[in-house]
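With the hints as a guide, bring the two chains together.
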Amino acid sequence: MEKKQSELCFEILRRFNKAGILKDFILIGSWCVFFYKEYFSDDSYTDQITIKTRDIDFLIDNPAKIKQEVNIPELLEDLGFIIIFKGSKGYIKLEHPYLILEFLVPEKGKGTDKPHPLPRLGVNAVALRFLNFLSANTIKVKIENFYLTLPHPANFALHKLIIFQRRAIKDKSLKDRNAAVEILKVLISKGEADIIKKVFNSLILKWQKKIIKGLETAKEEEILRILKE
Amino acid sequence: MGVIKGVLKEELENSLDMLKRYQEEVAKIKGCLIRKKIGKNCYYYLARRQGKKVRFIYKGPISDEIKKAYAKQRQTLNKYKKLLSHVKKQIKFLRRALRGKETV
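Note that the protein sequences, when read in sequence, are chains W and Y.
Going by numbering that gives the first Met the number 0, the letters in the first sequence line up with residues 0 to 228, in that order.
Going by numbering that gives the first Met the number 0, the letters in the second sequence line up with residues 0 to 103, in that order.
Hints listed in this document are in silico derivations from the structure and should not be mistaken for laboratory results.
One thing to keep in mind: the hints can contain errors.
Stated by the list, open to error - Straight-line distance between alpha carbons at most 30 Å, and here's what the computed BS3-like set of lysine-lysine pairs gives: (1) Y/K78 to Y/K51; (2) W/K92 to Y/K91; (3) W/K85 to Y/K71; (4) W/K218 to Y/K4.
Unchecked claim - Far from chain Y by the CB rule (all over 12 Å, computed), these chain W residues: (5) D60; (6) G108; (7) H115; (8) T148; (9) L202.
Think of the CB as a built atom: it goes at the ideal place given N, C-alpha and C, for glycine as much as any other residue.
The shape of chain Y in the complex, shown without the other chains (with noise of 0.2 Å):
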């Protein structure tokens, strides 16, 4: 095998673990905080998926610190969802170029 083919099969074997790591975390975080406003008033609920359905658990009165905590969650799972595309595209590219059958 190649320098660089060595190199690209390493670089395949940790993005495949970095994969696996960022889907744990995505999974880790769980629903997110949705507003609704129901006449002069606003309410709150957590949206979270269960099997097919999304289902939207009353959350009461909440503090602007807890407010703060979901809209920092929410920011970290599109950060994540935005990086495990990055993982998985990197899988794609780095699966094609192993492919080839001619030392590097």
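So that you can see chain W by itself, here it is in the shape it has in the complex (with noise of 0.2 Å):
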């Protein structure tokens, strides 16, 4: 199932390119780790680090941006994805036994818990917090013959140690805390511990303790000394 599933991955991603929206979009989400193996291509990174579930997050940082009118579930519609409406609100996703995409805004001012309406995409999308800090640093990765925006490693598994500490579900919040010590370890390895550190230094006094918080209860000493050197 695992190779279907990174086919129909790739084949969305393709259409996304050819639709000429990819590039306002960024991958967030447990695919990220998948795709890092671009990155950490010279190191013994393994994508394996995480359980990479059916969700494909698609964060679209600047929606104002998007110029271009294309309808994604018509554009996906012959893979086979089903539109479904959740919760009361209606929040969009598109479902197939394979993926289960969802796009996400970054949430401004008070926030609400009405969904993001984004008619030019033609589905809506849900606002979280915390996002603009995984937009705030990205890298890119070269898939075929178009490139993936994905949040630098650091600002992932930094924002994963933040938000761990809010899940509601206890294996989640476990799951997102291992894969956010491991990519960690990998950077570290990769000699980008400064990179960690000045990432870390970027995010206000409240997340930096939240961090230092989620670290300790991981008992993690070495990205600690890191963060408080």
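Below is the structure:
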């Protein structure tokens, strides 16, 4: 199934790229770990460091910037994706037995529990806190003949360390924490400890404290030492 | 519960939701266009299951566009049926995996 799943993922990316909207998206969530293998290609990185679920999340940092009119459900219809309206507010998800697509936007101001409409794309998005942190520092990885934008692994890992403490489901929380720690370890072995430190220092004190607390519960002394230096 | 079991449980919930949605989509597509050759002429009928019987409703002369629309509908139906079978297999697998007692 894994092969079919990644084939479907590549097909979605190809179609988004062809439609000219991939450049407006940042891939976030557990699928980042799969694509980080391009970034860590020289190291002993494995995309098996975390469990990859069927959820594939696309962050749209600036929805107003999207110029193309692309109906995403129509674009993916022949692949067998169906639209699902989740919850009482009607968040749109595109579901397929191998992948579940969701769109996210950074939450601004007071925040709202309503979906953020994306009329040009024919879908809506969930507005979530802390997503600006992921879009603040991104990398591009080459896939076939196009590029995919991902959050820098340091931002991805530190973001996970913030949100794992907010998760209501304990198992998901542990999964996030483990993925974060593993990615930070690979970054350290790649000699990018200074980047982790720089990203950490760019955070507000409240978030820094949250990360430290998270690492203390995980008893990750080496990472703690780097951050506290 | 272990991390893996937690993930599998969530995946099972997703698959059950998906099963329901695919079944709804399949139910929405009613009938398929059938061509019958009688003598030298071709006649089009909509084959539709009504209870235990399959009824053939005569559609009269139909345009190429309608033919294409039915063909597309048929393709979608086949696709959904195939995916529905995948979802059923996934549910079976996930239920079996979750039946284990040990924490993974």
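Consistency of the hints with the structure:
1. A threshold of 30 Å between alpha carbons decides the hint, and for Y/K78 with Y/K51 the separation of about 24 Å falls inside it, so the pair holds.
2. For the proposed pair W/K92 and Y/K91, the alpha carbon gap of about 23 Å is at most 30 Å, so the pair holds.
3. A hinted pair counts as satisfied when its Cα atoms are at most 30 Å apart, and W/K85 with Y/K71 qualifies at roughly 27 Å.
4. Proximity of W/K218 to Y/K4 is assessed by CA-CA distance (about 24 Å); at most 30 Å being required, the pair is judged to hold.
5. At roughly 26 Å from the closest C-beta of chain Y, the C-beta of W/D60 stays outside 12 Å, upholding its exclusion from the interface.
6. Residue-level check passed: W/G108 sits 31 Å from the nearest beta carbon of chain Y, beyond 12 Å.
7. No Cβ of chain Y approaches the Cβ of W/H115 within 12 Å, the least distance being about 22 Å, so the stated non-interface status holds.
8. No Cβ of chain Y comes within 12 Å of the Cβ of W/T148; the nearest lies about 26 Å off, and the non-interface call holds.
9. With a closest Cβ-Cβ approach of about 26 Å to chain Y, W/L202 is found to remain outside the 12 Å limit, as its non-interface label requires.
When each numbered hint is compared with the structure, no violation occurs for any of them.
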